[in-house]
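2 protein chains.
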Amino acid sequence: MSKLVIVGSCAFDAIETPFGKTDKIIGGASPYIGLAAAQFDNVDPAIVAVVGDDFPQEYLDFLAERGINTDGIEVVKGGKTFFWSGKYHNDMNSRDTLATELNVLADFSPKVPASHKEAPIVMLGNLQPQVQLSVIEQMDVKPKLVILDTMNFWMDIALDELKTTLKKVDVITINDEEARQLSGEYSLVTAAKKIHEMGPKYVVIKKGEHGALIFEGDKMFFAPALPLSDVFDPTGAGDTFAGGFAGYIAQAGDTSFETMKTALIYGSCLASFTVEKFGTERLQSVTPEEIKERLHQFKQLVQFDININD
Amino acid sequence: MSKLVIVGSCAFDAIETPFGKTDKIIGGASPYIGLAAAQFDNVDPAIVAVVGDDFPQEYLDFLAERGINTDGIEVVKGGKTFFWSGKYHNDMNSRDTLATELNVLADFSPKVPASHKEAPIVMLGNLQPQVQLSVIEQMDVKPKLVILDTMNFWMDIALDELKTTLKKVDVITINDEEARQLSGEYSLVTAAKKIHEMGPKYVVIKKGEHGALIFEGDKMFFAPALPLSDVFDPTGAGDTFAGGFAGYIAQAGDTSFETMKTALIYGSCLASFTVEKFGTERLQSVTPEEIKERLHQFKQLVQFDININD
Chain R
1 MSKLVIVGSC
11 AFDAIETPFG
21 KTDKIIGGAS
31 PYIGLAAAQF
41 DNVDPAIVAV
51 VGDDFPQEYL
61 DFLAERGINT
71 DGIEVVKGGK
81 TFFWSGKYHN
91 DMNSRDTLAT
101 ELNVLADFSP
111 KVPASHKEAP
121 IVMLGNLQPQ
131 VQLSVIEQMD
141 VKPKLVILDT
151 MNFWMDIALD
161 ELKTTLKKVD
171 VITINDEEAR
181 QLSGEYSLVT
191 AAKKIHEMGP
201 KYVVIKKGEH
211 GALIFEGDKM
221 FFAPALPLSD
231 VFDPTGAGDT
241 FAGGFAGYIA
251 QAGDTSFETM
261 KTALIYGSCL
271 ASFTVEKFGT
281 ERLQSVTPEE
291 IKERLHQFKQ
301 LVQFDININD
Chain L
1 MSKLVIVGSC
11 AFDAIETPFG
21 KTDKIIGGAS
31 PYIGLAAAQF
41 DNVDPAIVAV
51 VGDDFPQEYL
61 DFLAERGINT
71 DGIEVVKGGK
81 TFFWSGKYHN
91 DMNSRDTLAT
101 ELNVLADFSP
111 KVPASHKEAP
121 IVMLGNLQPQ
131 VQLSVIEQMD
141 VKPKLVILDT
151 MNFWMDIALD
161 ELKTTLKKVD
171 VITINDEEAR
181 QLSGEYSLVT
191 AAKKIHEMGP
201 KYVVIKKGEH
211 GALIFEGDKM
221 FFAPALPLSD
231 VFDPTGAGDT
241 FAGGFAGYIA
251 QAGDTSFETM
261 KTALIYGSCL
271 ASFTVEKFGT
281 ERLQSVTPEE
291 IKERLHQFKQ
301 LVQFDININD
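Protein sequences appear in the order of chains R and L. If you're matching positions, the first sequence starts at 1 in UniProt numbering and goes up one per residue. If you're matching positions, the second sequence starts at 1 in UniProt numbering and goes up one per residue.
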């Protein structure tokens, strides 16, 4: 088993879309990343997160039943779990945040359990860059691959700290606007080169419904997003993408560009399920057969045959 | 030789980008479509357009030298050629129109030369839908494939006329926002289905830097745009795409989905050259070797190998 340490928020989400609304359901980056990574054989996804004691034991059991190690989920006595609520507009591409109650997440100081400190792969979900760095520093053995997700918020208020953390990171995942902000370059090709110079060997640029790019030096690869008839709830798609990406790499056991390419496709594939139902619901029910079928659809979507030697 | 009739504007463009500005250069949809289509062997691109007598003979000669039949370019005595001027912003994705002087284009009534009336492929560049329809009606033999490009402007002011014309069209090319406007559907999959019901068997959705999709019934295929370090001038990229698409189909001589897929890649490939220099400059100098090399880059960009049977 290949251990994949996943650090990220664990939350209650209340989501409203044009198709309906939920009560407080399990949310935050780490459950999506964990559930996506748990789809892979021989991968042991282990979440490091913090919740309040209002977080139901059944949610922890639910994660454990799906093969996710929850030893690193700290439960703060008397604390309240991070709560996020949002409402999507009709186009499903924009949303209003109705509530963000950080609660115990505000003082999150991740404690990596001793049993996790030699994990080969570490996936750092979007958090304060100093908090992400503290996880890297707790590892006893330098991981084979550290993947970091971040966002424009940290570029706005903690750019120096982010740059310090990036020096210890192998893969960064950000969206196209964030890549432009971080690099000061409009071209994504040039942006990736500049971000590469900040530390990460691999730069993953997420473009939502427009797919994702990965750059390593002069190499680049593009994974499309699958065009869907119905997007029910986009929440967690980006985290599912990261979980599928990290999970496939953990399973493959190497960090070649070929592995990264396949990982990008798996990330995009799993994310295409998440958006079909509320929250983590679809990711809970997806079967290996359905994943195979959808990978086939991805192949059909982009594979072409031009004899360029004629 | 397979004749490809191209109907579209022929213009003077004056372009300003962050990298410089041009005097009045050759522009409009039909020169880009024609130059792109002229890249293919055994294709005889024939432009039907209108210009004023201020349009230099050397421009007509220039097109003819590149293998484009100019018999259908009407020169209006005492008339002035359509003039467009635009200035791109720093991000190159948005622009201000500085001048639009329709001149002779305002009364454009295309006259298809007798020698063009049995052409198997007709590419209708973005024009008033009634004008596009008049071209279809002038054909002596029903073409194997009629491709129509249009835009939101005609959906706003001439929707009924557009719908009438669409009934006679095999392929429509529009951008994603226009597909949503025309269909009233946000999902591009659902939008394509609705547009299909309006007439076109094939629906091509152009997403600019995010690539292009083609739909036929339940089949879909995606051609990425090649991420580039430098975009010098985006003018004409969409028309070059259309010209590469139509040109490849004319060369292939069939209208199977496999042919459409390859055509989409060729369109995207040729468009990636156009944006590298001002106007049609790059398209004039591109060599078959450069096109092959770039097709190889497109393959590298999206081809992946997952054994989905294991």
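Rather than coming from a laboratory, the hints here were simulated on the basis of the structure. A portion of the hints provided could be inaccurate.
Note: identical chains are not told apart, hence a pair may lie in one copy or across any two.
Computed cross-link-like contacts, DSS-like style, restricted to lysine-lysine with a CA-CA straight-line distance of at most 30 Å [claimed, not checked]:
#, residue 1, residue 2
1, K292, K193
2, K207, K87
3, K194, K87
4, K219, K299
5, K3, K77
6, K3, K207
7, K21, K193
8, K24, K167
9, K292, K207
10, K219, K277
11, K193, K163
12, K80, K193
13, K193, K299
14, K111, K163
15, K167, K207
16, K77, K142
17, K219, K111
18, K168, K277
19, K167, K111
20, K299, K207
21, K292, K219
22, K299, K201
23, K219, K207
24, K168, K144
25, K193, K277
26, K77, K201
27, K193, K87
Computed from a predicted model, the values in this text were never measured in an experiment.
For this session: Run the structure past the numbered hints and jot down the numbers of the failing ones, going up.
Result: 8, 12, 16, 17, 18, 26
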